[in-house]
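Participant: Assemble the whole structure, with the sequences as input and the hints as a guide.
Line by line, the protein sequences give chains D and Z. So that you can map any letter, position 42 of the first sequence is 42 in the numbering used here, and since no number is skipped, the others follow by simple counting. Just add 164 to wherever you are in the second sequence, counting from 1, and you've got the numbering used here.
What the hints contain is simulated information worked out from the structure, not anything from laboratory work. Where is the CB? At the ideal position from N, CA and C, for every residue including glycine. Any given hint could turn out to be false.
[To be verified] Derived lysine-lysine pairs resembling DSS-like cross-links, with alpha carbons at most 30 Å apart:
| id | chain 1 | residue 1 | chain 2 | residue 2 |
| --- | --- | --- | --- | --- |
| 1 | Z | Lys276 | D | Lys112 |
| 2 | D | Lys117 | D | Lys40 |
| 3 | Z | Lys276 | D | Lys40 |
| 4 | D | Lys40 | Z | Lys204 |
| 5 | D | Lys117 | Z | Lys204 |
| 6 | Z | Lys276 | Z | Lys204 |
| 7 | Z | Lys204 | Z | Lys281 |
| 8 | D | Lys117 | Z | Lys281 |
| 9 | D | Lys40 | Z | Lys281 |
| 10 | D | Lys117 | D | Lys105 |
| 11 | Z | Lys269 | Z | Lys281 |
| 12 | D | Lys103 | D | Lys40 |
| 13 | Z | Lys204 | Z | Lys267 |
| 14 | Z | Lys267 | Z | Lys281 |
| 15 | Z | Lys276 | D | Lys117 |
| 16 | D | Lys112 | Z | Lys281 |
| 17 | D | Lys40 | D | Lys112 |
| 18 | D | Lys112 | Z | Lys204 |
| 19 | D | Lys117 | D | Lys103 |
[As the list claims (entries may be wrong)] If you want the footprint, here are the derived chain D segments under chain Z, 3+ residues with CB under 8 Å:
| id | segment |
| --- | --- |
| 20 | 37–50 |
| 21 | 64–77 |
| 22 | 81–95 |
| 23 | 111–119 |
| 24 | 133–141 |
[Said to hold, decoys possible] Some chain Z residues flagged as far from chain D (calculated, every beta-carbon gap over 10 Å):
| id | residue |
| --- | --- |
| 25 | Asn212 |
| 26 | Trp218 |
| 27 | Ala242 |
| 28 | Gly277 |
| 29 | Ser279 |
| 30 | Pro287 |
| 31 | Val312 |
| 32 | Trp314 |
| 33 | Leu315 |
| 34 | Pro317 |
| 35 | Glu322 |
| 36 | Ser325 |
| 37 | Leu326 |
Protein chains: 2
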Amino acid sequence: MRRSTGILFVTCLLIVAVSTMVVGQTQTATPADTGAIFPKGQRAPAVNFTGTVWVQQLIEPDSAFNIPVGYVTFEPGARSHWHSHAGGQVLLAMGGIGYYQEKGKPIRVLRKGDSVKCPPNVPHWHGASPTAGFRQVAITPNTATGRVNWLLPVTDREYNSLTR
Amino acid sequence: MRRSTGILFVTCLLIVAVSTMVVGQTQTATPADTGAIFPKGQRAPAVNFTGTVWVQQLIEPDSAFNIPVGYVTFEPGARSHWHSHAGGQVLLAMGGIGYYQEKGKPIRVLRKGDSVKCPPNVPHWHGASPTAGFRQVAITPNTATGRVNWLLPVTDREYNSLTR
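Facilitator: Put into structure tokens, the structure is as follows:
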């Protein structure tokens, strides 16, 4: 009887493990939340970013549309350098946990569904949190007045100011 | 001993049930693939749409940003009326199966990750397939020249032209 109790217990543990794995796999198979609405694209130029960043151009500007639209994936800890846009920029948070900071203000944490208006000519940076990546759509209007003006890298002290 | 075996069995069943529920809830809380990156928002005005359509404004235009950005959810069979934009419009397909048609051209089927440039002043419509809904981000640049010019409803004959 003691032996059958042991077998029953092990069987139950196996059922727990398998049922958890099956449901867990279904969750893993939902790719949208891992950023798969758009492809990751190409590595962003290291000269303007810290860490690993990917950029997929969704809309190329042309004579009818002066708004490049890009999809940006920041791996954990990655961020842009400080920069500004003469025409401003709109960000749509698609997933993960992001950081956004305008010069002189505290870091704002971004989560899926959040949107941001970066005002024209205001120095700012955006990136991922230290432990979770971040995915965003970036819309850059009014490019006739200039697309981006790159500034200094975000220091570790600046980046970590949220958690100090 | 038999009683303790019964208690152990019931306990194991409870563990299975609870662990499945917990992991299942985590999965349910991953709404991205069901279109929940952004909230559905409000019902779109019936005067400009056929069927059930929801609109959530993500970016309101202001003096610095002349680009309203909206998130539109079409339930199966729903579509906009024919219309045009003086400044054109950009669509980003976020999920489901969508239809997009410019006047005089065949319907184009849109899937997650597709993007569309609707040229300025070209009559077009967009909506969901008959059996699957559709979710899109709509970016309307150059609103200084006018936002939207509504035209006639899309007839059933036009809507079903893809499958005839």
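Participant: Does each hint hold? Answer for all of them.
Facilitator: Hints versus structure:
1. Lys276(Z) - Lys112(D): holds, 17 Å
2. Lys117(D) - Lys40(D): OK: Lys117(D) and Lys40(D) at ~23 Å, within 30 Å.
3. Lys276(Z) - Lys40(D): holds, 14 Å
4. Lys40(D) - Lys204(Z): Distance ~26 Å between Lys40(D) and Lys204(Z) Cα, so the pair holds.
5. Lys117(D) - Lys204(Z): holds, 21 Å
6. Lys276(Z) - Lys204(Z): The hint holds at about 17 Å.
7. Lys204(Z) - Lys281(Z): holds, 23 Å
8. Lys117(D) - Lys281(Z): holds, 22 Å
9. Lys40(D) - Lys281(Z): holds, 21 Å
10. Lys117(D) - Lys105(D): Answer holds: Lys117(D) to Lys105(D) is near 14 Å, not above 30 Å.
11. Lys269(Z) - Lys281(Z): holds, 14 Å
12. Lys103(D) - Lys40(D): With Cα atoms ~28 Å apart, Lys103(D) and Lys40(D) stay inside 30 Å; holds.
13. Lys204(Z) - Lys267(Z): Roughly 28 Å separates the two Cα atoms, so the pair holds.
14. Lys267(Z) - Lys281(Z): holds, 14 Å
15. Lys276(Z) - Lys117(D): holds, 25 Å
16. Lys112(D) - Lys281(Z): holds, 25 Å
17. Lys40(D) - Lys112(D): holds, 17 Å
18. Lys112(D) - Lys204(Z): Roughly 14 Å separates the two Cα atoms, so the pair holds.
19. Lys117(D) - Lys103(D): holds, 14 Å
20. 37–50: Coverage by chain Z holds for the segment 37–50 of chain D (3 residues, Cβ < 8 Å).
21. 64–77: This one holds; 5 residues, not fewer than the three required, reach chain Z with a Cβ under 8 Å.
22. 81–95: holds (count 5)
23. 111–119: Check passed, 5 qualifying residues.
24. 133–141: holds (count 3)
25. Asn212: It holds; Asn212(Z) is separated from chain D by about 23 Å at its closest Cβ, greater than 10 Å.
26. Trp218: holds, 15 Å
27. Ala242: holds, 21 Å
28. Gly277: violated, 5 Å
29. Ser279: violated, 5 Å
30. Pro287: Pro287(Z) clear of chain D: closest Cβ-Cβ about 16 Å, beyond 10 Å.
31. Val312: Holds, because the least Cβ-Cβ distance between Val312(Z) and chain D comes to about 16 Å, which exceeds 10 Å.
32. Trp314: Check passes; 21 Å lies beyond 10 Å.
33. Leu315: holds, 20 Å
34. Pro317: holds, 27 Å
35. Glu322: Fine: 25 Å to the nearest Cβ keeps Glu322(Z) off the interface.
36. Ser325: Non-interface label on Ser325(Z) holds, nearest chain D Cβ at 26 Å vs cutoff 10 Å.
37. Leu326: About 24 Å separates Leu326(Z) from the closest Cβ of chain D, which puts it past 10 Å; holds.
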